[in-house]
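S.K.: Below are the chains, spelled out letter by letter.
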Amino acid sequence: MAETLLEVVDLKKYFPITSGLFDKVVGYVKAVDGVSFALRSGECLALVGESGSGKTTVGRTLLRAYQPTDGRVSFHLDGEAIDVMDADEEELKGLRRHMQMIFQDPYASLNPRMTVFEIVGEPLLVHGIKDGAQREERVRQLMDQVGLNPQHMRRYPHAFSGGQRQRIGIARALALHPRMIVADEPVSALDVSVQAQILNLLQNLQDDLGLTYLFIAHDLSVVRHIADRVAVMYVGKIVEEAPVDALFSRPRHPYSEALMAAAPVADPAQRQPPLLLQGEVADPSNPPAGCPFHPRCRHATSQCKTEVPTLQSIETDHAVSCHRAEELHLSGMSS
Amino acid sequence: MSESTTTEHADGDDLYTASQWQLMARKFAKHRLAVWSGLTVIALYMSALFCDFLSPYGLEDQHIDYIYAPPQRLHWIGPDGVHLVPFVYGIKGMRHPETLRKVYAEDRTQVYPLRFFARGTPYRFLGLFETDRHFIGVDRGGTLFLLGTDSLGRDLLTRILYGARISLTVGLIGVALSFVFGLSIGAVSGYYGGWIDNLIQRLIEILRSFPSIPLWMALSAALPSTWSPLQIYFGITVVLSFLGWTGLARVVRGKILALREEDYATAAVLMGASKRRIMGRHLLPGFTSHIVVSLTLALPGMILGETSLSFLGLGLRSPITSWGVLLQEAQNVQAVAMQPWLLTPAVFVVVAVLAFNFVGDGLRDAADPYGR
Amino acid sequence: MDSILTIENLHTQFFLDEGTVRAVDGVNLQIPRGKTLCVVGESGCGKSITAFSILQMISRPGRITDGSIVLHREEGDIELTQLPPDGKQMRRIRGAEVAMIFQEPMTSLSPVHTVGSQIAEAVRLHMRVDKREARARAVHIMERVGMPDPEGRYAQYPHEMSGGLRQRAVIAMALSCRPQLLIADEPTTALDVTIQAQILALMRELQAELDMAILLITHDLGVVAQMADEVAVMYWGRVVEYGSVERIFSAPQHPYTEALLRSLPGLHIERKSQLQAIRGSVPDPFQRLDGCAFHTRCDECEPGLCDTGQRPLLHAIETGHLSACLRRKERPSDG
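Chains as they are written, first to last, in this note's numbering: chain A, 629 to 963; chain B, 79 to 450; chain C, 10 to 344.
Calculated directly from the structure, the hints in this document are not laboratory data. Check before you lean on any hint, since a few could be wrong.
Chain C residues, not near chain A, derived (Cβ > 10 Å throughout) [to be verified]: (1) 69; (2) 174; (3) 205; (4) 207; (5) 269; (6) 290; (7) 305; (8) 306; (9) 317.
Pairwise CB distance ranges, derived in the manner of DEER restraints [as the list claims (entries may be wrong)]: (10) B:443 with A:805: 41 to 47 Å; (11) C:91 with B:262: 58 to 64 Å; (12) C:88 with A:959: 49 to 55 Å; (13) A:913 with C:217: 35 to 41 Å.
Beta carbons are placed, not taken as given, at the ideal position from N, Cα and C, and that holds for glycine.
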């Protein structure tokens, strides 16, 4: 088994809800509420869930774009574990070389007032490569690597299509030779025909550069295609974690099953069975007692309403957070 | 899999490599009214700058024989046929036999052609050298009161041009100071947030609740009486600028709060960029165009402020000449009825304010070339 | 085919400073009565503009420049493009006979009125009932569209509801007058998959109940496969293929449709393999292209045939299956 690159232990991120004249804190949105997982070197781990599940917050918090409320994140570099959460400014800047991010929205993620050269070259500049010619050479190389014409480096983002902009964002993330990339819904804002281009690019880059991905997504067919392992999140917690094949052939959490059943299959011969899931995603500022999924779960018992389940290993590499995981027989995506 | 089929626009690569300001300039140029207004604004400031050259007389030149003389018309056709250069007739004042008021009539026997670069009252051109050349004038013996004269027989056109100098500039320092305060305090409030933000927001709310005219009255009474009226006015605008920054500070704070959440700002954080760099390279450029717009829209406020406060007797006073002072002198019904030309400074105020507003509108439309 | 609406040679253009965008460039469509027609295509293909054109909701600088849209009613046909867009007749048709729902439900809900009062208002606008009756009907409709506790929700404001509930409210409003045609523009794109499944199921149920036609605009081929009876594939302002959902998915007759389907990751594709992306991106909207608009990205493009002359029109490949591919002319059936 590959060595661990990143270890996340009991990560929590609460956003305060304030009200009144002096911003009195009246409650918390528990966006991430005790998430633990390990990212192995060279793999692609997908974080799947609906809006409000906290998947995006996990990605941003472990990169310290948000200050975490609690938890430990350690990054393993050359046999040494570096604590990401306690790193000071200087250490953090060093770490940022190795951990980068690709964003969902190719329009919001590029500063419209900077040229491609300035955007892709900025990480180089920030990390001390002041020489213009040297930077230009690296930008040229990066643009080539992501399938953009280097001659267009003096253009502004408005000159590019959504897919090309996403490539610019990828080039920026690659500039400092990172080990790990958090890809936050990198294809969900793109058109179908362009989605495949970007997925191919991400896969090729992973193979060529030995990258490790934390791939945040909601589209299960994309996840199934690109990921090695999947962690399913619901209201701030991981409810199931498994290798792709295991999860898709035999999910062990009713929510995973429901997600798969709800995903529209692009085949008119496979029209959806009657609905599995009723109701709305739970409110992360006021999650239900017990298992947060129980109000929507057709298998819920009285135990589920009171006792909070914990993530338990059920097979090798397969963990699930459900009281009835052992007894339920759930169906995955038919093939 | 290379995505290289970038299509070329009609204007080609040019549009793609155009920076924000270039795109903005292009869009502004398409806004006709704004362009003309811009030219008007430039013309107004130029005439303020060169007012001593452009005006036919000196500021204090009094013509005691021509008190409340109405505007003189320029003529092209005289008794001797068509003139190539326009001319004015001489005017003669006489007492009206019944009302005993002085009335003026054209003396058609006296023809004074308009002279360019005519000799007149000496002045220092831009403070550099002494000269007595004026852009327009008439030969000795004639008069050129294109907008009439006031109660002391001073040429109104001359006074309006000199007044522009004061009216268009006296508030600039105040506006500039407000902007410096607004920008920096708003930026601090938006970027650091937390209790600093809270404190600044409460301070803004308190400052915004001060009524400005009573404050102005109190200030003009409080400033040392040894100061000249111009110094007092200047002092007041500076003090008021300490209160006038709040609107901009709020806008800047809001913009920063919004831009901080933009993915490209997060990307800069994640590459390890310094706070200064994020602020200067990613956040500030995001709203410079909006600042330019609000600056243009603040200037008419400054002109109106001068005019209305001077009109109320709270701002500038004679012997200072400004548009507001000129209007204050026309502040009685009789004057308005008998000498309506004394109100022409108001036309200049309206034109200047409208021109600034149209420029501001044009800039606002052009300001966000990406928001289609 | 018995159709409710016939669109012929529709052209809708936007006159911008930068040039003219031919957003809809010669669309021919018939919407079958009581069935679901899905219009599918990538962003900028003109699918939404086609829908907006039907209800004459195109505002400056856009304009319908050519073509006809005929609504077939019991009391006779009516040509919609001839009606004044803000006239009485058009306003009566909007809502009463043809209703529309949007991707973002807030565009059709007023934030300052309660949801219930807005539905009641919609009822009263088109039916002569008094206030109490309208309220009763509104509550009934809210219950019908699956809003839990309709009496309680009646007095709620839109911002107090989740996205899924808001979309249900909008559907309730749209269906309050039993329209014969419902135009749904990406109605589930902003929703989570489990909620999307609920809304799609609701639309199917209501269609059967009200016997109404649905024009469903979407970019998601999965949604198309799950919902459509008939499918129109649009590319760059024109319908390039039309057929039954089974034929479109099993035997597509336009290279663009084929390429779209091939580019999807899914169960039939080996995991981690290269996806068959469509190369390039959609042409610039200001551009003029000779011949078939897809020729710049088509693997089957035949120089001299596909890249010259007028844009090709739809022609029958077999009964009920039309294609605009110049190279599919000689194939009477797909064999």
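S.K.: Now look at each hint and say whether the structure bears it out.
M.R.: Here is how each hint holds up against the structure:
1. Even its closest Cβ contact with chain A, about 23 Å, leaves residue 69 (chain C) beyond 10 Å, as expected for a residue assigned away from the interface.
2. Distance to chain A contradicts residue 174 (chain C) as a non-interface residue, since its nearest Cβ pair spans about 7 Å, not more than 10 Å.
3. Non-interface status of residue 205 (chain C) relative to chain A is broken: a Cβ of that chain comes within 10 Å, the nearest being about 7 Å off.
4. Some Cβ of chain A comes within 10 Å of the Cβ of residue 207 (chain C); the nearest lies about 6 Å off, and the non-interface call is violated.
5. Residue 269 (chain C), annotated as away from the interface, has a beta carbon of chain A within 10 Å; the closest lies near 6 Å.
6. Under the 10 Å C-beta cut-off, the non-interface status given to residue 290 (chain C) relative to chain A is violated; the minimum distance is some 4 Å.
7. Listed as outside the interface, residue 305 (chain C) is consistent with that label: its C-beta sits roughly 12 Å from the nearest C-beta of chain A, beyond the 10 Å cut-off.
8. Once the 10 Å rule is applied to beta carbons, residue 306 (chain C) is inconsistent with being away from chain A; the minimum gap is 8 Å.
9. In this structure residue 317 (chain C) is separated from chain A by more than 10 Å, as the shortest Cβ-Cβ distance comes to about 24 Å.
10. Distance hint check for residue 443 (chain B) and residue 805 (chain A): the Cβ-Cβ separation is about 44 Å, which falls inside the suggested range of 41 to 47 Å.
11. Restraint check, residue 91 (chain C) to residue 262 (chain B): a C-beta distance of roughly 60 Å satisfies the suggested window 58 to 64 Å.
12. The hinted window of 49 to 55 Å between residue 88 (chain C) and residue 959 (chain A) holds, with their beta carbons roughly 51 Å apart.
13. Checked against the hint of 35 to 41 Å, the C-beta distance between residue 913 (chain A) and residue 217 (chain C) comes to roughly 38 Å, which is consistent with it.
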